[in-house]
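Colleague: What follows is the residue order along each chain.
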Amino acid sequence: QKEVEQDPGPLSVPEGAIVSLNCTYSNSAFQYFMWYRQYSRKGPELLMYTYSSGNKEDGRFTAQVDKSSKYISLFIRDSQPSDSATYLCAIYPGGTSYGKLTFGQGTILTVHP
Amino acid sequence: KAGVTQTPRYLIKTRGQQVTLSCSPISGHRSVSWYQQTPGQGLQFLFEYFSETQRNKGNFPGRFSGRQFSNSRSEMNVSTLELGDSALYLCASSLAGMGETQYFGPGTRLLVL
Numbered sequence: 087q088k089e090v091e092q093d094p095g096p097l098s099v100p101e102g103a104i105v106s107l108n109c110t111y112s113n114s115a116f117q118y119f120m121w122y123r124q125y126s127r128k129g130p131e132l133l134m135y136t137y138s139s140g141n142k143e144d145g146r147f148t149a150q151v152d153k154s155s156k157y158i159s160l161f162i163r164d165s166q167p168s169d170s171a172t173y174l175c176a177i178y179p180g181g182t183s184y185g186k187l188t189f190g191q192g193t194i195l196t197v198h199p
Numbered sequence: 164k165a166g167v168t169q170t171p172r173y174l175i176k177t178r179g180q181q182v183t184l185s186c187s188p189i190s191g192h193r194s195v196s197w198y199q200q201t202p203g204q205g206l207q208f209l210f211e212y213f214s215e216t217q218r219n220k221g222n223f224p225g226r227f228s229g230r231q232f233s234n235s236r237s238e239m240n241v242s243t244l245e246l247g248d249s250a251l252y253l254c255a256s257s258l259a260g261m262g263e264t265q266y267f268g269p270g271t272r273l274l275v276l
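Top to bottom, those sequences are chains A and B. Residue numbers for the first sequence follow our numbering, so the first one is 87 and each next one is one higher. Residue numbers for the second sequence follow our numbering, so the first one is 164 and each next one is one higher.
These are computed hints drawn from the structure, not numbers from a lab. Note that this is a predicted model, so its numbers are computed, not measured. Check each hint, because a few of them may be wrong.
What the hints assert, rightly or not - In silico lysine-lysine, DSS-like type, Cα no more than 30 Å apart, as pairs:
#1 B/Lys-220 with A/Lys-156
#2 B/Lys-220 with A/Lys-153
#3 B/Lys-176 with A/Lys-128
Stated by the list, open to error - To give an idea of the chain B side of the interface with chain A (calculated C-beta under 7 Å), a few residues:
#4 Arg-178
#5 Gly-179
#6 Gly-205
#7 Phe-208
#8 Glu-211
#9 Asn-219
#10 Phe-223
#11 Leu-253
#12 Thr-264
#13 Pro-269
We put the beta carbon where it would ideally sit given N, CA and C, even for glycine.
Using the sequences plus the hints, can you model the full thing?
Modeller: Written out as structure tokens, the structure is:
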């Protein structure tokens with residue numbers, strides 16, 4: 087079983103839609119949860135970073151962590167064509183796992199006008 | 164503040180050759196991590212350096228090595244290149260590699276023929 091599972095999509099939505107992206111993970115020791123956005127032929131760009139359970143909001147983006155069910159989500163409100171990209175969830179276990187993020191496979195999102 | 168820079172951006176090599184990639188972290192960041200990204204395996208952690216010391220290593224063969232200099236710049240080397248080493252190599256920097264956010268560079272795209 088992979089440590090982090092992410093539905094690869096692809097996901098296609100109309101402009102203005104609410105998008106929900108999800109990941110599950112297997113190790114309850116994971117402590118830090120990130121969402122990255124990656125445009126074609128670019129490096130991943132950090133969108134959101136949360137520690138522990140709960141919600142975190144930044145503009146149109148909301149990250150949600152449910153540690154009891156080992157489930158993390160990213161919601162995008164009022165989606166725009168510029169949001170079209172691959173979205174990657176990433177998890178950092180903490181402790182002595184220096185620098186090691188474990189990534190999901192990425193979800194390809196297309197927002198069409 | 165300048166972001167993470169990587170050179171070169173593109174490389175074409177032949178099987179059996181070796182290659183060296185360079186990464187300059189964000190000013191003040193002392194941790195540099197390297198990742199390999201392929202369509203099949205996604206983003207996989209190679210290793211992490213902090214204060215010129217490798218603190219963590221992923222599950223890659225010994226042909227993959229790296230080093231970090233006193234100014235926190237890092238290089239990674241791949242010897243005896245194989246076709247399967249064709250990938251996007253990404254470096255990410257953070258303050259200390261302890262779970263805080265990592266910021267990625269644009270990557271070096273390596274093609275092995």
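Colleague: Each hint: holds or not?
Modeller: Going down the list of hints, with the structure as the test:
1. B/Lys-220 with A/Lys-156: Answer holds: B/Lys-220 to A/Lys-156 is near 25 Å, not above 30 Å.
2. B/Lys-220 with A/Lys-153: holds (27 Å)
3. B/Lys-176 with A/Lys-128: holds (21 Å)
4. Arg-178: violated (24 Å)
5. Gly-179: violated (27 Å)
6. Gly-205: Because about 5 Å separates B/Gly-205 from the closest Cβ in chain A, which is inside the 7 Å limit, the hint holds.
7. Phe-208: The hint holds - B/Phe-208 has a Cβ within 7 Å of chain A, the shortest such distance being about 5 Å.
8. Glu-211: Holds, about 3 Å.
9. Asn-219: holds (4 Å)
10. Phe-223: This hint is violated: B/Phe-223 lies away from chain A, its Cβ roughly 12 Å from the closest one there, beyond 7 Å.
11. Leu-253: holds (5 Å)
12. Thr-264: B/Thr-264 check passes; min Cβ-Cβ to chain A is 5 Å, inside 7 Å.
13. Pro-269: holds (5 Å)
In this structure, the earlier hints numbered 4, 5 and 10 are contradicted, and the remaining ones agree with it.
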